[in-house]
Amino acid sequence: MTDADIAHFYNLPSAYPDEWPAELDDEDEEEGEALQRRGSKSSYHVLDRSNSRRGPNLGSMKGNNSRENLVKVDEPDPLGSTSSVLNALKKRGLPVAEDSRLRNRFLLSSTGFSPALFLSQVHSDASIESLINGLNVLSQSIDQKSASLKVLVEANFERFVRAKATIDSVYTEMRNQGREQEQVAQRRSIGHVRSISGAKQGPLSSINSSKFRKNALLKESDYGVKGIWAPLTEASVKAEEVWGPALSGREREQMLKSVIDSMERRREVYEIGGHLSKSIKQKDYESVFEQYRKARALTQEAKNIADIAGSEGRPLTDEETYVILALGRMWIDVDQQIQGFKRDLWRRLSEAPSTSTRITTSGPIEEYMELIGALLELGVDDNPIWVWLLSRYDYLRAKIKAFCERGKVEIEILRRRLASGAEPTPQEVASYLRRTPQDSSTGPAHLPDTDQVIELWECVHTYLNRLLSSQGGILGEILDFWEVAQSFIDGNKQKLLPVGFEGESRKHHKFSSSDVRDLQKGLIELISLVREGVLSLFAEAPVEDVSLLTSPISPSSPSSPVSLGVTPTESRFKLDPKNIPFPTPKRGEPWEDYAFWPPFSNSLSGVNYLGQFLIIIGAAAGEMTTLEPVSSSSTSQELLRGLVSIIRERAVRISCSAWAKDAEVCRLLEDWTRDPKRRDLTKMPALFVNFQNAIVSGLQKILYMSEAMAKPGTVTVVTQPPTKLLQMVRREFISSIEKALGGLVETAEHPTTREENDEWSVSEATAVVRNSNGSSASLAADAVDSQNRNVRILLTLSNIKAFQMDLVPQLIANFEASFSVTLTDEAKLIRQVLDEVEQRLFRSYTEPTITNLKTIITEGVTSPTWEPTTSRPEQVRPYVYNALLALVLVHTEISTTIPSTSSSTSSRSAASSASGQSPLLTIVLTHLLTQVCTALVNAFNLRASYSLNALIQATLDTEFIAQTMSQYSSEEASAVQSQIYVELDQRTTHEARARLQSELGEMRGILKRLRERTKGEFACFRKPRSGTSQKSGAA
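Residue 1 is where the sequence shown starts when you use full-length UniProt numbering, and the numbers rise one by one after that.
If you're looking for bench data, these hints aren't it; they were derived computationally from the structure. Remember, predicted model here, so these are calculated numbers, not experimental data. Among the clues, some could well be false.
[As the list claims (entries may be wrong)] With a Cα cut of at most 20 Å, we get these calculated SDA-like pairs of lysine to any residue:
(1) K257 - E370
(2) K164 - E240
(3) K294 - E504
(4) K257 - F113
(5) K495 - E370
(6) K294 - Y270
(7) K510 - K661
Turn these sequences into a full structure, and let the hints steer you where they fit.
Rendered as structure tokens:
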């Protein structure tokens, strides 16, 4: 026996109470007082029929704590859900501990058990599935008790038979027995009474003293049974104690069987809730709809039953009541599950994008269509189509605002950090300009600019892509949203949607005209937000307030814009809220008013990225104008055209400013290394041409945006560039060339000073080969002595000549082809600038030599020893050799500095090129020869008269120089030479002139011998033979 059984038997609160319950003592006192008051009553008075009828029924209790309780105080749930029915009822707040009658109605062992009340209270929250499981448990319990009852009846069957026989014999004896048996019966009756109780004589003694027979079947003796009433009452009580529970159990068994039968007949009613719950968990929408339609149909059946009974004016039968209650219970369960399912559908619908699909048995289906169809099938008051469209509109609107605000702040923070750094030196800028790509296919990793500048450009590029891309960008989501909205407006999508139970959702399939107008206004508002997000970055001043990134961000949800990628950049910086960069002081730089332009960015990276930006913006504007609400609104179209025009103008202005600044640095492109393809040039001309072509190509993409206009199916929003922008580009094109050419003169005449650790130019140690180490042979072969002024000027002159002949015409032709213009006046201006630069450098190079030659010639002619003392001079004077040696040095310097090439197409230097000489060499020596002749004229004019010998000497000196330099003779030099003879004739006598004529033959021989003796010294001035030149050219 357990502690619980002990406590229950003695009505104790627990097996080990601290004190004896007072109520038990009170009960004993009450029982004693009752016995005393009964006095003369027999101890068997409880067996009296009237007392027994007034007493408690079997299964009831005497009191709350009575020991005569014939029913268990508590018992487990017969359906197997809990181990204590009493505890379950206490949790629901029922006073079962105080009210025994109420408790007995919930205990299966009590005759007052109420199945309906038991199910409604103990299992009020139970599902149909749990009730079915309880039914199985109850069926098993009933089968076990039925078997026990059958065994009990079989074991006591003989007793029932003997009791029946005894009753029949007693009744016969009482009816037939005479008076002579009265005493025997009386003694037997008295002895029986005494043997039972031994108490005072009770009511039966009055029968013995009567004159009637005790067992006579008379009215006074209750027809012979008055004497056995007491034993029968006692037997009845005993019988009830023994057989009462068994008989009441059978009644309950019949009742439960009837319940089971009813549940079997209505099995589908009890199974709907379980099937529906399972289908919801498995997201089997078709099964959910099937169960829901079945539940609604059954509910309609219950309504019909009630309506029929009401129309007939009769109460509901028990069967009908049971059906209605069962269906009502079922509908409450189904409705609760469906309402929860609807809430989940509404939540998922508000978060469903327009592009998400799900694979079903019937194929892929959009998630929002599946959810809308589910809600329409279940029946809702609000239109799920309209709710989803509004949720998408709100989501896109919030996402655009958050994205643009955060994106501009991140760009501004990067921009401030870049502006607060050190400005690149001109040498650093020039190093990036040298890496100018020759085509537009160069990726970001090879763009000629610093990593920080490229990072900011990429940040802006990412911002535009995520905002304006039709594939994965916010604009793409807007286009998808309107495509779906237009399908709903046209009614195409509704063909795939259900109409609900009995067509109740058909009203949600159509939009009113006001709804359509609201959708169109919403789309135009979204387009305006996108346009303002782009325009504010390109047309407005940089953001002042950057505290947005330091503000706390609310926890993201799957549908919040932040969780869907608001942050527009993938930059490497980590924001420190305590170290936010402040705006940099104004320096007067053009980029300070442009939020999209990285500080210190060069024009190459600028035009490259701006060209990409304008293509993205132009294409996006064209796609936005294809939307019906935008295309039907002239205002919206003009705003989009204005967006493209404003951004284009701003891009061109800042690009031209950067171009002008970089053009001033182009002089530093000269690193005094030879061009690998043209050895007579340095790398600077090719680098400058590449730079100019890259800028022109980039500006052409910015101005015309041909790639954005070429996309099919888009409305033209890119207008022709205004004339003022074209004029701006033309002016900057000419100005950049002038600045670069002007810088060439300065670089040639005044070399830039290099720092000790300057890594941007070729070091002096590699300019001239000082050792025989072959590791630097290739670099030394391309490098020149940049410290030699004449070398710098000669190379610059060669570069200028290349600009005149080839490169500038190419640049002009490329510009004219790119912008469909003719640069007639500009071309003349550039040629004039080139001529001026060339003349300046030419004079700068030749003037020292000319001065030297003039000094040599003047001192030689005016020397007292110049006039010969012999009758016939046979040698030229030393000054002639000195002058020619000076020209030999010039020849050597030019030949070694500017090797001859065959790439020049100048008609002026065609002969020199054919002879294998540099065109500049011919030009310089021709000019120096003219200056030599002029110096001779001036020197000879210093003498007042000439004798025959002096005349012969002057003639020999002049003719020797002229014949030695005959390859470089020109008309001007010939004219000056003729002027020499005129001046000599004017300063001599007629006799000397006549005798000079007779000496001409001899003079020719002398000159021939002199040239033969000096052909080695002055072989560089000799014109090579055609065969030799061809061989050298072939080699």
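Each hint tested on the structure:
1. Proximity of K257 to E370 is assessed by CA-CA distance (about 45 Å); at most 20 Å being required, the pair is judged violated.
2. As the CA atoms of K164 and E240 are separated by approximately 17 Å, the hinted pair is consistent with the 20 Å bound.
3. Between K294 and E504 the alpha-carbon distance is near 16 Å, which keeps this suggested pair within the 20 Å criterion.
4. Of the supplied pair hints, the one linking K257 and F113 holds, its CA atoms being roughly 15 Å apart against a limit of 20 Å.
5. Taken as a hint, the K495 and E370 pair is honoured in the structure, with Cα atoms around 13 Å apart against an allowance of 20 Å.
6. About 12 Å separates the Cα atoms of K294 and Y270, which keeps this hinted pair within 20 Å; it holds.
7. The suggested pairing of K510 with K661 is violated, with an alpha-carbon distance near 63 Å, which exceeds 20 Å.
Consistency note: the structure conflicts with the earlier hints numbered 1 and 7.
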